[in-house]
Amino acid sequence: MSRYRIPGKGRVDHSAPVSFTFDGKTYRGLRGDSVASALLANGVHLMGRSFKYHRPRGAVSAGSEEPNALIGTSRGAGRFEPNTRATVQELRAGLVTESQNKWPNLSFDVGAINDRAYMLFSAGFYYKTFMWPKSFWDKIYEPVIRGAAGLGKSPTEPDPDHYASRYLHTDVLIVGAGPAGIAAALSAAQSGADVTLVDENPEMGGSLLSDPAVQIDGKPAWDWVEGQLGRLRAAGVRLMTRTTAIGYYHQNMVGLCQRLTDHLDNPPKGAPRERMWRVRAGQVVLAQGALEKPLVFDGNDRPGVMLASAAQTYLHKYGVKVGNNPAVITSHDSAWYAAFDLSDNGAKVAAIIDTRDSVRPDLAEGARKRGIEVLNGHTVTTTKGRLRVKSVRAAPVRGTHVGTGRSIPCDCLLMSGGWTPSLHLFSHTKGSLAWDGASNTFLPDRKTEECEIAGAGRGLWGYEAVLADGAAAGLRALEGLGRAGHEGRFTVANDRPGTGVSHTELPTDGNAGKARAFIDFQNDVTAKDIRLAVREGMRSIEHVKRYTTNGMATDQGKMSNINGLMIAADALGKQPPQVGLTTFRPPYTPTSFGAFCGYLRGETFQLTRKTPIDPWAEANGAVFEPVAQWRRAWYFPKPGEDMHAAVLRECKATRASLGIFDASTLGKIEVAGPDAVEFMNRMYTNPWTKLAPGRCRYGLLLGEDGFIRDDGVIGRLSPDLFHVTTTTGGAARVLTMMEDYLQTEWPELDVWLTSTTEQWATVALNGPNALTMLKPLVEGVNWDDFPHMSCAECTVAGLPARLFRLSFTGEVGFEVNVPARHGLTLWKALMEAGKPYDICPYGTETMHVLRAEKGYIIVGQDTDGTVTPADAGLEWAIGKAKKDFVGKRSLSRPDIVAKGRKQLVGLLTEDGSLLQEGAQIVLDPNQPKPMKMVGHVTSSYQSTMGHPIAMAVIEGGFDKMGETVFIPMPDGVRKAKITSTVFYDPQNERLKA
Amino acid sequence: MLLIHCPYCEDTLPELEFTYAGEAHIARPADPSALSDEEWRDFLFIRTNARGPHYERWRHVGCGRFFNALRDTVSDRFLMTYKAGEARPTLTQEAAE
Ligand SMILES: [Zn+2]
Numbered sequence: 001m002s003r004y005r006i007p008g009k010g011r012v013d014h015s016a017p018v019s020f021t022f023d024g025k026t027y028r029g030l031r032g033d034s035v036a037s038a039l040l041a042n043g044v045h046l047m048g049r050s051f052k053y054h055r056p057r058g059a060v061s062a063g064s065e066e067p068n069a070l071i072g073t074s075r076g077a078g079r080f081e082p083n084t085r086a087t088v089q090e091l092r093a094g095l096v097t098e099s100q101n102k103w104p105n106l107s108f109d110v111g112a113i114n115d116r117a118y119m120l121f122s123a124g125f126y127y128k129t130f131m132w133p134k135s136f137w138d139k140i141y142e143p144v145i146r147g148a149a150g151l152g153k154s155p156t157e158p159d160p161d162h163y164a165s166r167y168l169h170t171d172v173l174i175v176g177a178g179p180a181g182i183a184a185a186l187s188a189a190q191s192g193a194d195v196t197l198v199d200e201n202p203e204m205g206g207s208l209l210s211d212p213a214v215q216i217d218g219k220p221a222w223d224w225v226e227g228q229l230g231r232l233r234a235a236g237v238r239l240m241t242r243t244t245a246i247g248y249y250h251q252n253m254v255g256l257c258q259r260l261t262d263h264l265d266n267p268p269k270g271a272p273r274e275r276m277w278r279v280r281a282g283q284v285v286l287a288q289g290a291l292e293k294p295l296v297f298d299g300n301d302r303p304g305v306m307l308a309s310a311a312q313t314y315l316h317k318y319g320v321k322v323g324n325n326p327a328v329i330t331s332h333d334s335a336w337y338a339a340f341d342l343s344d345n346g347a348k349v350a351a352i353i354d355t356r357d358s359v360r361p362d363l364a365e366g367a368r369k370r371g372i373e374v375l376n377g378h379t380v381t382t383t384k385g386r387l388r389v390k391s392v393r394a395a396p397v398r399g400t401h402v403g404t405g406r407s408i409p410c411d412c413l414l415m416s417g418g419w420t421p422s423l424h425l426f427s428h429t430k431g432s433l434a435w436d437g438a439s440n441t442f443l444p445d446r447k448t449e450e451c452e453i454a455g456a457g458r459g460l461w462g463y464e465a466v467l468a469d470g471a472a473a474g475l476r477a478l479e480g481l482g483r484a485g486h487e488g489r490f491t492v493a494n495d496r497p498g499t500g501v502s503h504t505e506l507p508t509d510g511n512a513g514k515a516r517a518f519i520d521f522q523n524d525v526t527a528k529d530i531r532l533a534v535r536e537g538m539r540s541i542e543h544v545k546r547y548t549t550n551g552m553a554t555d556q557g558k559m560s561n562i563n564g565l566m567i568a569a570d571a572l573g574k575q576p577p578q579v580g581l582t583t584f585r586p587p588y589t590p591t592s593f594g595a596f597c598g599y600l601r602g603e604t605f606q607l608t609r610k611t612p613i614d615p616w617a618e619a620n621g622a623v624f625e626p627v628a629q630w631r632r633a634w635y636f637p638k639p640g641e642d643m644h645a646a647v648l649r650e651c652k653a654t655r656a657s658l659g660i661f662d663a664s665t666l667g668k669i670e671v672a673g674p675d676a677v678e679f680m681n682r683m684y685t686n687p688w689t690k691l692a693p694g695r696c697r698y699g700l701l702l703g704e705d706g707f708i709r710d711d712g713v714i715g716r717l718s719p720d721l722f723h724v725t726t727t728t729g730g731a732a733r734v735l736t737m738m739e740d741y742l743q744t745e746w747p748e749l750d751v752w753l754t755s756t757t758e759q760w761a762t763v764a765l766n767g768p769n770a771l772t773m774l775k776p777l778v779e780g781v782n783w784d785d786f787p788h789m790s791c792a793e794c795t796v797a798g799l800p801a802r803l804f805r806l807s808f809t810g811e812v813g814f815e816v817n818v819p820a821r822h823g824l825t826l827w828k829a830l831m832e833a834g835k836p837y838d839i840c841p842y843g844t845e846t847m848h849v850l851r852a853e854k855g856y857i858i859v860g861q862d863t864d865g866t867v868t869p870a871d872a873g874l875e876w877a878i879g880k881a882k883k884d885f886v887g888k889r890s891l892s893r894p895d896i897v898a899k900g901r902k903q904l905v906g907l908l909t910e911d912g913s914l915l916q917e918g919a920q921i922v923l924d925p926n927q928p929k930p931m932k933m934v935g936h937v938t939s940s941y942q943s944t945m946g947h948p949i950a951m952a953v954i955e956g957g958f959d960k961m962g963e964t965v966f967i968p969m970p971d972g973v974r975k976a977k978i979t980s981t982v983f984y985d986p987q988n989e990r991l992k993a
Numbered sequence: 001m002l003l004i005h006c007p008y009c010e011d012t013l014p015e016l017e018f019t020y021a022g023e024a025h026i027a028r029p030a031d032p033s034a035l036s037d038e039e040w041r042d043f044l045f046i047r048t049n050a051r052g053p054h055y056e057r058w059r060h061v062g063c064g065r066f067f068n069a070l071r072d073t074v075s076d077r078f079l080m081t082y083k084a085g086e087a088r089p090t091l092t093q094e095a096a097e
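First to last, the protein sequences are chains A and B. Take the first sequence: its letter number 65 is residue 65 in our numbering, and every next letter is one higher. Take the second sequence: its letter number 58 is residue 58 in our numbering, and every next letter is one higher.
Be aware that one or more of the hints could be misleading.
Which residues of chain A face chain B? A few of them, derived with a C-beta cut under 8 Å, are [as the list claims (entries may be wrong)]:
#: 1; residue: T21
#: 2; residue: D23
#: 3; residue: Y249
#: 4; residue: G673
#: 5; residue: E739
#: 6; residue: Q743
#: 7; residue: D884
#: 8; residue: K888
So these bits of chain A aren't anywhere near chain B, every CB distance computed over 12 Å [to be verified]:
#: 9; residue: V96
#: 10; residue: E226
#: 11; residue: R393
#: 12; residue: L572
#: 13; residue: G703
#: 14; residue: G706
#: 15; residue: L717
#: 16; residue: T736
#: 17; residue: P747
#: 18; residue: G900
#: 19; residue: R990
Since the hints were derived computationally from the structure, they do not count as laboratory data. Fair warning: this is a prediction, and the values are worked out from it, not measured in the lab. Every residue gets a Cβ at the ideal spot worked out from N, C-alpha and C, and that includes glycine.
Produce the entire structure from the sequences given, and follow the hints as far as they go.
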């Protein structure tokens with residue numbers, strides 16, 4: 001057993017050793033240890049290097065607020081996690097850990113040269129240094145900063161663990177299971193209320209676990225905790241440990257992250273690593289306690305310097321003395337108890353140095369009794385020791401005058417600058433804070449949610465006061481639910497009440513200019529940085545924060561915010577509330593991405609919509625592409641074919657004879673009712689009144705701003721029934737837009753809208769043999785009166801169908817809609833019937849090529865939300881005689897009729913090369929940079945005509961037919977000629993076949 | 001996550017079921033062609049951007065209905081919701097608090 005572990009002491013299991021490694025060296029700890037307590041038991045204080053100066057650092061706390069002791073933890077491939085707090089990570093067998101921000105090793109680190117050069121790295125360093133010369137940014141500053149920046153190593157492999165998520169509705173949620181939280185739960189768990197008590201630690205009890213000598217109702221603290229938790233369990237209270245309330249959102253929704261397996265030697269197979277709870281609570285009680293503040297003095301960051309309460313926790317919870325010869329520097333009574341407890345457990349306390357001139361007589365007596373030297377009215381002016389504190393210099397202080405000091409040898413230094421109520425979650429709710437001048441801290445003020453704050457979280461101190469407050473808060477929560485109960489009363493013996501005073505940075509007797517008194521340990525922000533920021537003009541704490549990075553580390557300023565504020569206020573000569581407090585934001589502590597993702601990752605990230613014909617496509621070797629939420633067959637390669645070869649073959653087969661395409665993803669909306677035609681007239685640009693039943697028409701939908709929103713072929717099946725199709729991705733948007741107008745602008749119209757996208761399977765047949773092949777399969781269509789742009793209800797292959805004669809390829813074409821359950825049957829029947837015509841299944845890529853050859857646009861590809869019908873060459877689709885339709889008024893807005901708008905044209909490259917979609921277009925490739933870009937390529941494909949084709953939007957493009965434009969690319973400038981967008985069969989001869 | 005009351009379903013449901021749909025009580029002009037370019041521009045683009053109580057439209061995706069709401073843009077609190085077509089309610093003192 002190490003000389004720092006006290007046999008039999010603490011809540012760790014002394015009969016269960018656990019071995020782990022830190023930076024490759026194997027150590028032994030005990031079941032129940034944190035990594036930090038196990039290292040401290042082995043005498044290891046040096047656990048990391050700071051971010052900026054690479055100064056050696058040890059654990060300064062024993063909890064989740066830890067800024068220094070950040071480690072990487074690993075459990076095999078993909079399970080590396082950086083920036084884990086050693087004070088929180090529980091020991092497990094075989095745990096592999098490593099320190100961060102060091103090279104080549106923790107004891108000797110080259111980056112520590114930054115520390116010698118600290119004068120260069122003062123506040124605002126990045127802003128000042130890297131501004132000039134501008135040309136240095138890309139080549140020199142950025143790469144160097146990137147190389148040096150970052151905290152820990154980012155994992156590179158996918159995370160093999162999975163993460164769960166749950167919803168929970170509870171009457172009362174209590175955050176924090178210390179004395180206040182337990183007392184609140186006892187009050188709330190009456191009258192049948194559903195109560196949930198959560199705590200971030202592995203065990204409930206809070207500070208009572210670090211104060212075992214306290215007696216409540218005649219029982220030692222630990223026995224009392226155990227008894228009360230048993231009572232709560234019996235009352236049906238949900239008790240959740242290792243569960244951090246990470247954020248407090250509107251209407252009492254609280255996010256909880258529960259850690260399930262990180263503490264286990266061998267997690268059960270398939271067990272989720274963490275679970276995110278989204279809790280909706282009737283009432284919330286925040287009993288999060290308070291965080292101890294460091295004191296700010298030269299050398300307060302040396303390994304071995306830590307919060308007094310942390311030393312007390314290591315002693316009582318883990319049975320670890322953080323040193324055998326501790327010194328104490330404090331401005332609060334609480335640190336005296338830590339000194340007493342360490343002394344009572346065999347440590348030789350070097351001295352209690354208290355900045356106050358006098359303390360309570362019982363504390364002075366306690367020190368005298370134990371033979372501890374007390375230096376009242378003193379401060380620590382500096383510390384010594386390279387990788388661990390070896391001595392402190394204590395000196396008397398009167399105001400700012402420092403008397404003659406002396407060196408006190410020690411092996412650790414416990415500090416306490418008082419306590420800050422933990423109000424992070426309360427701040428998430430925008431609850432206001434009020435400055436309490438007496439305690440020099442912010443306390444909760446006006447609430448915005450149904451919540452109570454109890455105990456040290458609202459500035460109370462001493463167990464009796466905290467227990468009573470928790471009980472009262474729990475009862476108020478219960479009463480807030482309209483239920484009644486009684487309030488528990490607790491008597492406390494050996495209570496540890498206390499008060500203290502607050503300081504800015506403590507004076508030094510050394511060279512003040514060289515003092516390194518840290519406020520934000522992780523980001524290496526010193527008191528001088530804060531004062532410099534104020535001197536350089538920062539007035540608001542928000543500016544000071546950003547200029548110095550104070551409070552911007554992973555601990556979100558849990559330790560540094562109040563000290564930073566006090567010093568900034570002092571420098572400004574203002575009261576702290578006038579300088580303000582920065583806003584705390586969720587999450588309360590760093591939270592894994594996995595916990596936020598939960599089940600929404602990989603295949604379950606988003607649902608995949610599949611058509612009824614998808615199984616056939618999969619069985620026949622289709623390559624798929626995602627389109628909106630659908631997976632669509634992209635192309636059907638034959639053995640040995642690449643995409644280009646497959647697509648060219650599919651295109652040619654369709655143009656030569658017959659192609660078949662699964663168009664089921666097309667959005668479909670049924671517009672029905674006596675006023676259906678009026679509704680269509682108002683929504684779409686086209687005239688619909690004269691469209692006869694049995695005919696269809698290309699429909700164009702604009703936004704009220706005149707820009708193209710969607711398009712599709714629309715069939716009129718009967719006077720009061722339209723079968724509307726939309727783009728695959730636009731279906732839901734179009735239906736919502738239609739509903740909006742129908743419900744809120746034209747509620748007088750008698751129209752019903754129904755989404756039928758998934759009710760119909762749609763198969764497109766295209767090619768010169770489409771009609772011949774299809775005819776024998778159809779019953780109920782009069783072929784003498786079924787020209788291009790017709791529709792009918794009929795049967796196809798014996799299946800009930802809506803048949804459309806239309807073309808998105810330029811060939812004779814049909815779209816057969818059958819009820820979705822018949823989709824696969826129809827497809828197979830058509831494949832069979834098509835055999836004599838060498839029917840060729842094609843995918844979305846061939847569909848794109850064939851439509852592009854005809855200059856048919858794809859909304860969202862050739863348009864981008866700033867394209868009008870005129871810009872796209874679709875003015876023919878506008879019902880000019882119509883008085884009004886959505887977007888009509890905008891078509892005469894000055895900006896829309898102005899010259900020089902980008903217009904959709906075709907492009908043919910001079911060298912026959914394929915352009916890249918999205919490539920920018922210029923008129924003069926020799927103009928100085930930055931060049932004037934006049935448009936971009938919207939569509940570009942290899943075509944069936946032996947050369948590539950492209951579409952583009954170009955300023956004034958319609959007036960530039962035949963002119964040459966230039967497309968600068970990394971490998972050279974392409975020349976292209978502006979053409980019509982219709983590359984293939986401009987006279988539509990093939991449709992008339 | 002907010003809880004929102006759908007005046008059609010008469011149920012208070014999580015925000016996930018709803019989508020925002022812009023400022024309320026901006027009726028589409030009966031005859032847009034009668035509007036000047038400036039008037040049409042204002043209809044299209046000019047919005048109140050209120051700090052505080054704001055009349056706005058929401059859609060309950062569950063039932064598909066658009067409705068109106070009065071929401072405080074500072075606190076993000078819904079003060080009330082009401083059916084589309086109903087008159088703009090005046091903000092009472094207790095609702096504002
Ligand atoms: Zn509803």
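Status of each hint after checking the structure:
Interface restraint check for T21(A): the shortest CB-CB distance to chain B comes to about 42 Å, outside 8 Å, so the restraint is violated. With a least beta-carbon distance of about 43 Å to chain B, the hint placing D23(A) at the interface is violated under the 8 Å criterion. For Y249(A), the shortest C-beta to C-beta distance to chain B is roughly 6 Å, which falls under 8 Å, so the interface hint holds. At its closest, the beta carbon of G673(A) sits 16 Å from a beta carbon of chain B; the interface hint therefore is violated under the 8 Å criterion.
At a threshold of 8 Å, the smallest CB-CB gap from E739(A) to chain B is about 6 Å, leaving the interface hint in force. The criterion of a C-beta within 8 Å of any C-beta in chain B is met by Q743(A), whose closest approach is roughly 5 Å, and the hint holds. With a least beta-carbon distance of about 6 Å to chain B, the hint placing D884(A) at the interface is held under the 8 Å criterion. A hinted interface residue such as K888(A) counts as satisfied when its beta carbon comes closer than 8 Å to some beta carbon of chain B; here the least separation is about 7 Å, so the hint holds.
Against the 12 Å criterion, V96(A) stays outside the reach of chain B, whose nearest CB is about 38 Å from its own CB. For E226(A), the non-interface assignment is confirmed: its Cβ lies about 37 Å from the closest Cβ of chain B, beyond the 12 Å cut-off. Every C-beta of chain B lies more than 12 Å from that of R393(A), the closest at about 52 Å, which supports listing it as non-interface. The claim that L572(A) is not at the interface with chain B holds, since no C-beta of that chain comes within 12 Å of its own (minimum 28 Å).
A beta-carbon of chain B is positioned within 12 Å of the beta-carbon of G703(A); the least distance is around 9 Å. Interface exclusion of G706(A) from chain B breaks down, the closest Cβ pair being 9 Å apart, not more than 12 Å. The beta carbon of L717(A) sits about 23 Å from the closest Cβ of chain B, which is more than 12 Å, so the claim that it is off the interface holds. The claim that T736(A) is not at the interface with chain B is violated, since a C-beta of that chain comes within 12 Å of its own (minimum 7 Å).
Consistency note on P747(A): stated as away from chain B, yet its beta-carbon is not over 12 Å from all of that chain's, at 6 Å minimum. For G900(A), the shortest C-beta to C-beta distance to chain B comes to about 19 Å, beyond the 12 Å cut-off, and the non-interface label holds. Every CB of chain B lies more than 12 Å from the CB of R990(A), the least distance being 40 Å, so the non-interface label holds.
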